[in-house]
Amino acid sequence: MKSFQEKTFRSLTYLAALLTIACMLGIIAGIFGEGMPLFRSVGIREFLFTNSWYPTHTPREFGALALIVGSLVVTLGALIIAIPLGLGSAIFISEIAGNRLREIAKPVIELLAGIPSVVYGLFGMAFLAPLLREWLGLETGLNVFTASVILGVMIVPIICSMSEDALSGIPRNIREASFALGATRIETIFKAVIPAAKSGIIGSVLMGFGRAIGETMVVLMVAGGAASIPESIFAPARPMTSTIAAEMGETVMGDLHYRSLFALAILLFLITFVSNLVTELVFLKKRDA
Amino acid sequence: MNKRKLSNILGTSLMGSMLLITAIFLLIFLIRMFSKGFAVLSPEFFFSMPRNAMTEGGIWPALVGTFLLTTLAMLVSLPLGIFTAIWLTNYARPRWLVRILRIAINTLAGTPSIIFGLFGMAIFVNLMGFDVSLISGGLTLAILALPVIINNTEEALRAVPVEFRDASLALGATPRQTIMRVLMPAALPNVLTGAIISVSRVAGETAPIMFTAATFYSRRLPQGPGDEVMALPYHIYALMTEGTHPGSQVPIAYGTALVLLLLVLLISGAAIIIRSSIRRKRQW
Amino acid sequence: MVNIQIQTSELNLWFGKNHVLRDVNLPVHSNQVTAMIGPSGCGKSTLLRCFNRMNDLIPETRITGKITLGEEDIYAPRADVTTIRSRVGMVFQKPNPFPKSIFHNVAYGLMIQGKFPRHELRDRVEESLRAAWLWDEVKDRLNSSAMCLSGGQQQRLCIARALANRPKVLLLDEPTSALDPQSTAKIEELCLELKKSVTILIVTHNVAKAGRISDHTAFMYLGELVEFDRTEKMFTVPADKRTEAYLTGVFG
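Protein chains in written order, with my numbering: chain A, 70 to 358; chain B, 20 to 303; chain C, 66 to 317.
Derived from the structure by calculation, the hints contain no laboratory data. Cβ atoms here follow ideal geometry from the backbone N, Cα and C, with glycine treated the same way. Do not rely on the hints blindly, as some may be mistaken.
Unchecked claim - Not the full set, but computed from the structure, chain A residues with beta-carbon under 7 angstroms of chain B: (1) Cys92; (2) Thr119; (3) Phe161; (4) Thr257.
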């Protein structure tokens, strides 16, 4: 009897593990299954490198270059904003701030991380975009710049908390050695601590990259709508994620447009998968060190 | 003042200003949300149905919808995630399977939310025929929450001192008894905190429910799991992008956003407070 | 009349490629205290953990030979590990009470068997706490947390917890090395009392302690059981040169 209970319990946990694996396989199978058929009609090279996204015109074209560039540009912009803010805050919290400030700052950053992306999107769309349009005399406030700002602020908590973990994980004696040799605080931070925490910090940036490039709502609401390669940072852009979200409602299941959006999803999935893989390897190196 | 001292001061101020700028952003954000949103809040806003093509009235159905979606998602992902974590920490054989599971968990954790939405649409809505409904959205959200719950539970279990496990086994307890009577109770507070934080995350997601559950306009509350639902995050999005009367709808969007924000902040805040009080009371 | 409670027979153990225990034949006499001594790394703790199959928890462990408790070989393929562990109890080096009440700690081994009604649990808990010389100190606060007890009390609690199962053998792995001298003395005296009802096998790195409380001593060196004899005899006239060297403090 006891043995039956043991076996059943163990089997249940085993089943749960298998189901989890099944979820991953299901997602991969689903996305690839619905998306790959596109490439019977559209060449991969055409898909990736032509700038002609006309899914509803005749003739239909599925050149996603503008979308890919849109994703990359907005993500890059977000990182440009988030890395100084996030890493700088992390450094300040971990190395400079007193205990009281640290105890307040850490939970605040954690709360920031929990803010839903659609709320950021609303803030960008209803407040920041009109504001910037007025201040800078732009045609529209819904563009790469605004999207990068909002997206950047959104990923600051990720970069900040992971970097802070990495920095505070460096043992005290490294700092002591540096101070004992007459280094200033900033010198110790940049010449002794940060190099030691390098892999954790790089990992945090990669995580931020993955999050930013996969983000949908913010870019959907703030980056504007044009599916063209942005000519300046104040031009609108259409990253892959917002394309999928915006156009999926108009497609018919099974038709080429539908499949092209799944193909975008495949690309997106591969990008984030590789990014995660690289992050894992970066951390693996850290564990050995 | 020598150059090194100067750059030390500049550097320190620079780092501090980074934190300051972040804090100012947060402040502006919160002030804007609260000021614009607060004006709209009222008991009527919370509890009544929307009227007049979403230009007046309340957000009650969206609140209900979010509640139902979140509950369904947690009902599925908590047991699934906890049992998976138990397998990882206590049974974990054969090793190649563990590796595949870890890949699965990491992949799920890093997958963009829109892809979950697409998956949900392809599998639950279309393949399984659930249509755009509470159940499709709930299941999609469950898969989204799964990696977080697994990682959190695993960490909580690994934090339990190994001495407890040894003592239990040495007294003749089976692995199952050890898990249920000693390890899980000891890990429970941390597991719970993680679950609470997952709830706030799930409640705020839009992309996964866009094609699987959510609707902008619903005449009545969902009558069963097969009905489509309104949801707070989707409502905000729809008001801003599909709404035809921005004058009256943007304020409603702000109000809805404030409600969602308060919900999320209160839940996460509670979890953080619970977690630090656990850490203080912990006897080991 | 010599009565052997539990004994090993040609016991060999490997951790991976390391041959950690070699051809150990150790008889443990009933209702006696047997001490296992030897320098660090000689395998005495590993050997102790064989008696209740706690080594099974370490991956890549391989065992040949037998350990017979009464009539059965505890390493037989059909043997039920959980039953064995309720008959061979263990107290660890560092006290490890559960974060539960004193009552629930002591009752744990019985509760998992699921066949004891509430009143019988209470009786057994009292019986075990008395046997561990802890009853008077905790009888008024059985529901309070075990973690609030002092180190010495916690260790006696762990002894009571193990005794609740009414084991035939009690294994003690350097039970006082983490405790203060007074607690140590108390637990040593306790062992002398307990042997009337339980067979005791104790690992210690303190030779003097072994001399004080044990009836038989086993000297281990590099995984081998070098010598086993009545304590008085071994400590006065050791048969093996290595034993003599260890006892006189040449090494270890």
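Is the interface hint for Thr257(A) satisfied, with its Cβ closer than 7 angstroms to some Cβ of chain B?
This hint is violated: Thr257(A) lies away from chain B, its Cβ roughly 10 angstroms from the closest one there, beyond 7 angstroms.
Once the shortest beta carbon distance from Phe161(A) to chain B is found, is it less than 7 angstroms?
holds, 4 angstroms
Holds or violated: is there a CB of chain B closer than 7 angstroms to the CB of Cys92(A)?
holds, 5 angstroms
With a cut-off of 7 angstroms, does the beta carbon of Thr119(A) approach a beta carbon of chain B closely enough for the hint to hold?
Hint on Thr119(A): violated, closest Cβ of chain B at ~23 angstroms, above 7 angstroms.
Of the numbered hints listed earlier, those contradicted by the structure are 2 and 4.
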